[in-house]
Amino acid sequence: DYDRFKIEGTEMTLPVKQPIAHPQYNPITVDNDIALLRLATPAKFSTYILPACLPSQNLAERVLHRNGTITVVTGWGKDNETSHRFSSTLNFIEIPIIDNKECSRHMMNNLTQNMLCGGVVGQIKDACEGDSGGPMMTLFHDTWFLVGLVSWGEGCGQKDKLGIYTKVSSYLDWIDSVRQGWDKV
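For the sequence shown, position 13 (counting from the first letter as 1) is numbered 13 according to the working numbering, and the numbering increases by one without interruption.
Worth double-checking, as some hints may not be accurate.
[To be verified] Below are the SDA-like pairs computed for lysine to any residue, each with C-alpha atoms no more than 20 Å apart in a straight line:
(1) Lys17 x Ile175
(2) Lys159 x Glu94
(3) Lys125 x Trp152
[What the hints assert, rightly or not] Quick list of the computed label-pair ranges, beta carbon to beta carbon:
(4) Met108 x Lys184: 41 to 47 Å
(5) Ser56 x Ser132: 34 to 40 Å
(6) Trp144 x Met12: 18 to 24 Å
(7) Lys101 x Pro15: 28 to 34 Å
(8) Glu81 x Lys184: 32 to 38 Å
(9) Val178 x Phe86: 26 to 32 Å
(10) Thr47 x Val120: 27 to 33 Å
(11) Thr47 x Ser104: 28 to 34 Å
(12) Thr47 x Glu94: 34 to 40 Å
Because the hints were derived from the structure by calculation, they are not lab data.
Where a beta carbon is used, it is the ideal one built from N, C-alpha and C, also for glycine.
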């Protein structure tokens, strides 16, 4: 659904049967900022609806999380922190992953090993309110991999700040254990 206010014929409403937040989510540090949604019925894949590819821990750590890896972040959130409206059309930004040590120099709050940092200091390319939980993806060997989820920032679109993303590869075991529990029901 590119435009939230236009019927394009590609929309699909998927009722959620059960949301599952990570049991160790910490609202103070925003560590473990991830949840899964169990759908009431399976999504029907199409040209517009495809599953996210999750990288192995090894691929993520050795290749996809490298400093400078270009990622794409999408969402219908606000264009900036002073805006009163969410975007009607799907926005995207292309930003590099930034090493957490370098990132920490620009942020007041601490990062954990379960977080990725992305952006370019001096540019206004950032996720914003309404984008949380959205994908941070990277293309590797003609396959899009989900490497992060929009998590937090200090404001949004600040020239001297960067965006923080939940590192999906830190949660592969948890994702598998939750899904295996669903298969038993």
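Now the hints, each set against the structure:
no., hint, in the structure
1, Lys17 x Ile175, "holds, 17 Å"
2, Lys159 x Glu94, "holds, 15 Å"
3, Lys125 x Trp152, "holds, 14 Å"
4, Met108 x Lys184: 41 to 47 Å, "holds, 44 Å"
5, Ser56 x Ser132: 34 to 40 Å, "violated, 26 Å"
6, Trp144 x Met12: 18 to 24 Å, "holds, 19 Å"
7, Lys101 x Pro15: 28 to 34 Å, "violated, 43 Å"
8, Glu81 x Lys184: 32 to 38 Å, "violated, 44 Å"
9, Val178 x Phe86: 26 to 32 Å, "holds, 29 Å"
10, Thr47 x Val120: 27 to 33 Å, "holds, 31 Å"
11, Thr47 x Ser104: 28 to 34 Å, "violated, 41 Å"
12, Thr47 x Glu94: 34 to 40 Å, "violated, 22 Å"
Violated hints, in rising order: 5, 7, 8, 11, 12; the structure is consistent with all others.
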